[in-house]
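Chains as they are written, first to last, in our numbering: chain A, 1 to 271; chain B, 1001 to 1271; chain C, 2001 to 2271.
Calculated directly from the structure, the hints in this document are not laboratory data. Quick caveat, the model's predicted, so the values are computed rather than measured. Mixed in with the good hints, there may be bad ones.
[Claimed, not checked] List of simulated lysine-lysine pairs, DSBU-like, C-alpha gap at most 35 Å: (1) C:K2202 / A:K187; (2) C:K2219 / B:K1219; (3) A:K9 / C:K2202; (4) B:K1187 / C:K2219; (5) A:K219 / B:K1202; (6) A:K141 / C:K2009; (7) C:K2202 / A:K219; (8) B:K1253 / B:K1187; (9) A:K202 / C:K2202; (10) C:K2009 / B:K1009; (11) A:K219 / B:K1219; (12) A:K219 / C:K2141.
[Stated by the list, open to error] With the Cβ distance kept under 10 Å, some of the chain A side facing chain B (calculated, not the full set): (13) D46; (14) E60; (15) D157; (16) G230.
[Said to hold, decoys possible] DEER-style ranges, computed between Cβ atoms: (17) A:C165 / B:G1250: 53 to 61 Å; (18) B:E1223 / A:K187: 20 to 28 Å; (19) A:K187 / B:G1250: 33 to 41 Å; (20) B:N1054 / C:G2058: 36 to 44 Å; (21) B:S1260 / C:D2226: 38 to 46 Å; (22) A:E223 / C:G2058: 38 to 46 Å; (23) B:V1228 / A:D55: 52 to 60 Å; (24) A:D39 / B:M1002: 37 to 45 Å; (25) A:S7 / B:G1008: 21 to 29 Å.
Don't be surprised by glycine CBs; every beta carbon is placed ideally from N, CA and C.
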Amino acid sequence: MMLSKFSGKNIQISPTAIIGQNVRIGDNAIIYDNVEIGDNTVICNDCVIGEPLNDYYGNEEQYSNPITKIGADSLIRSHTIIYAGSQIGHHFQTGHRVTIRENMSIGSHCSIGTLGDLQGCSELGNYCRLHSNVHIGQHSKLGNFVFVYPYVVFTNDPTPPSDICIGPTVGDFSQIATGSVLLPGVKIGEHCLVGAGSVVTKNVADFQLVAGNPGRFIKDVREIVDRVTGENHYPWPYHFDRNMPWENVGFEKWLKNSDSQIVMDGLLRGG
Amino acid sequence: MMLSKFSGKNIQISPTAIIGQNVRIGDNAIIYDNVEIGDNTVICNDCVIGEPLNDYYGNEEQYSNPITKIGADSLIRSHTIIYAGSQIGHHFQTGHRVTIRENMSIGSHCSIGTLGDLQGCSELGNYCRLHSNVHIGQHSKLGNFVFVYPYVVFTNDPTPPSDICIGPTVGDFSQIATGSVLLPGVKIGEHCLVGAGSVVTKNVADFQLVAGNPGRFIKDVREIVDRVTGENHYPWPYHFDRNMPWENVGFEKWLKNSDSQIVMDGLLRGG
Amino acid sequence: MMLSKFSGKNIQISPTAIIGQNVRIGDNAIIYDNVEIGDNTVICNDCVIGEPLNDYYGNEEQYSNPITKIGADSLIRSHTIIYAGSQIGHHFQTGHRVTIRENMSIGSHCSIGTLGDLQGCSELGNYCRLHSNVHIGQHSKLGNFVFVYPYVVFTNDPTPPSDICIGPTVGDFSQIATGSVLLPGVKIGEHCLVGAGSVVTKNVADFQLVAGNPGRFIKDVREIVDRVTGENHYPWPYHFDRNMPWENVGFEKWLKNSDSQIVMDGLLRGG
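Looking at chain A on its own, in the form it has when it is part of the complex:
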């Protein structure tokens, strides 16, 4: 390339930020106080990392920015804003213009698509993938290997407006398809599939496919067949391995590995 994304123009880095080895930072990026960035991570142009919380505007001089951690080997695409006070594991990726509010706990190998809007105070396990334009309300909890497709919203106020805030919970391996809304406090089990455009008003048991508005039980996901092969597709880890830790190993074999338990227990974070 004749023109680099990393020409070093207009970058601001707080003297209290801790930047790992071989980190690249794009033009116009800002790294605020008390941000810690792991080795080999790329922060693209126009990103804001450690965005000060609302208290900042009231008293800039006395304000102290909470610690923000982003793990190693991550790629934060341009115009992403990550507020101060979140802990994010390694191999993290964002699309463009992602907004992540404070007090998020995000495992390793997670990705958040373009325009994603995480409202803070929520937990994501390891290997979660949020596609474009997903909105996660406060106090949501996602397990490991939870994939969320475009324009899904996790809500949290059962009688709006109120001071009650109870987010949805989604178990390991579950898939929430495009444009669905999860109502406040719903619990979705493991290996579930929520069909596109569903409004989930009730809890969903393990292995259920639900769809519709309101969402209704359709069938066991283990009865769904692949359009191309005609074979059962779920549980999907047996049939999909791109960028998964069982890639080229097989899910069954990986489950027996010593490190799979660390991933499934959500303990990958520090790695």
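Once you have looked at the hints, place chains B and C on chain A.
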């Protein structure tokens, strides 16, 4: 903070802009011609205030930018674009990356969440709250204390594409929950609740809960109980007061105050 | 205007970019390697044209940016990101903060609204209009004069997650109304209308109106009447001509013109 959001870098302010006392303007912000900003307002980094209208591109030299007013004590978060030609009251707040087109009339104490997209030529009363990613088509009209939740869309063309443009109308205190679509010209009364994921095709009378696709009358909102207390929650102003003018006073008592009539008549704008 | 959008500040243009006559480029814009921009086109402030693909991050020095073409007389509004490797016709317009990934083929006279998110590897014919916040998954195909309204999503994975990727197809003149989701591989004919909030799970024949979740056949679009005139509105080209090539000519007469066949064959691109 060791690093300030207001270091004065790359700010451009038109000589015809009128900036109030104690206004702070973030790095890379642009304030175009004929913008008026009230006292104590904060314009964060990378905001564009008074964005020129489409005519500008045809003839930059002869183009005259309409007046844009943003009231006192407002907080415009980063990367927000507000077109020229809108009037916005005091105590206005935006999230990040909000886009507000021309000829909007917005009351006082309103807020527009991250990624909000207001298409212009619409009216919001006082104390309206639009959460993240709400889309307001042209010629919509929202009363006072109308709260709109994420990914709601107000539409305006009954037979697309056509030259007819009739936006929805929403009465005082009504709540439009996540992911709902209001069809062109629907009139929603006062104290209504539109359930998440609804497609509202018909008018909704005062105090009605509607839900579903198409939206159907479910019950009177006064029959809905709070999940925690088990008591009736609506009309909500009797049970929710955070940042409302009746905070610590009580709704009933506030209604009898001399200034409540000014708020309810939508006359707070100049204050 | 006292303050110009084109003051020439912080612009970066690769020496391998080819910029047409009378092109204006806004402040802070970046034009990467091998971008070709047609005459009279306006690139507004903070746009990124020819954004390098993911391979760039692995080996910046050996990376070669694919060719990106944007036709003449286009207007790219601020903060739009267009990846390298797309071909876009003349008279193209975007709203703000649009994201267009690689390997898109977009005809002439198309527009993409604010926050639009085109995931790449898809085709749009001529005169397509995508309103705000439309998401087009990979391997989608839109004909000519297809209008897509806010918050519509084109999906492509029938059994998520899988390696199957089959996008929807939409025929000439069809209209996809607000908040609809098109499921993977659905084929929508010509002159169709998909009602707001629909989840389209099955193919739709020419001239059908479908609506609901799941989408169901409602009636022939030729039975739909205009709310104002009370007359049939569809096929809409007989009743709507704003910015259409038959403006002030009439659809019937235009169809008989020699150049209408070029438009309908999707061959306008080079013009």
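Hint-by-hint comparison with the structure:
For the hint linking C:K2202 to A:K187, the alpha-carbon distance of about 30 Å falls within 35 Å, and the restraint holds. As the CA atoms of C:K2219 and B:K1219 are separated by approximately 30 Å, the hinted pair is consistent with the 35 Å bound. For the given pair, A:K9 sits about 51 Å from C:K2202 by alpha-carbon distance, which is inconsistent with the 35 Å threshold. At roughly 25 Å between alpha-carbon atoms, B:K1187 and C:K2219 fall within 35 Å of each other, so this suggested pair holds.
Taking the CA atoms of A:K219 and B:K1202, the gap is about 33 Å. The hint holds against a cut of 35 Å. Under the criterion of a C-alpha separation no larger than 35 Å, the hint pairing A:K141 with C:K2009 is inconsistent with the structure, at around 44 Å. Taking the CA atoms of C:K2202 and A:K219, the gap is near 19 Å; set against the 35 Å cutoff, the hint holds. Annotation: proposed proximity of B:K1253 to B:K1187 holds, straight-line Cα distance about 29 Å (limit 35 Å).
Simply put, A:K202 and C:K2202 have alpha-carbon atoms about 27 Å apart, close enough for the 35 Å limit, and the pair holds. Among the hinted pairs, C:K2009 with B:K1009 is consistent with the structure: their alpha-carbon atoms are about 13 Å apart, no more than 35 Å. For a cut-off of 35 Å, the pair hint linking A:K219 to B:K1219 stands: about 30 Å separates their Cα positions. A distance of roughly 31 Å separates the Cα atoms of A:K219 and C:K2141; the hinted pair therefore holds under the 35 Å criterion.
Using the Cβ-Cβ criterion of 10 Å, the hint placing A:D46 at the interface with chain B is satisfied: the shortest such distance is roughly 8 Å. Among the interface hints, the one on A:E60 holds; its C-beta lies about 6 Å from the nearest C-beta in chain B, closer than the 10 Å criterion. This hint holds: A:D157 has a C-beta 8 Å from the nearest C-beta of chain B, less than the 10 Å allowed. At its closest, the beta carbon of A:G230 sits 32 Å from a beta carbon of chain B; the interface hint therefore is violated under the 10 Å criterion.
In this structure the hint that A:C165 and B:G1250 lie 53 to 61 Å apart at CB is violated, the actual value being about 23 Å. At roughly 26 Å, the beta carbons of B:E1223 and A:K187 sit within the given window of 20 to 28 Å. As the Cβ distance of A:K187 to B:G1250 is approximately 36 Å, the hint placing it in 33 to 41 Å holds. Between B:N1054 and C:G2058, the C-beta spacing of about 41 Å keeps the proposed range 36 to 44 Å intact.
About 43 Å separates the C-beta atoms of B:S1260 and C:D2226, a value consistent with the hinted range of 38 to 46 Å. Between A:E223 and C:G2058 the beta carbons are some 41 Å apart, a value that agrees with the proposed interval 38 to 46 Å. Range check, B:V1228 to A:D55: Cβ separation about 28 Å, and the 52 to 60 Å hint is violated. A C-beta distance of roughly 23 Å is found between A:D39 and B:M1002, which places it outside the suggested range of 37 to 45 Å.
Distance hint check for A:S7 and B:G1008: the Cβ-Cβ separation is about 23 Å, which falls inside the suggested range of 21 to 29 Å.
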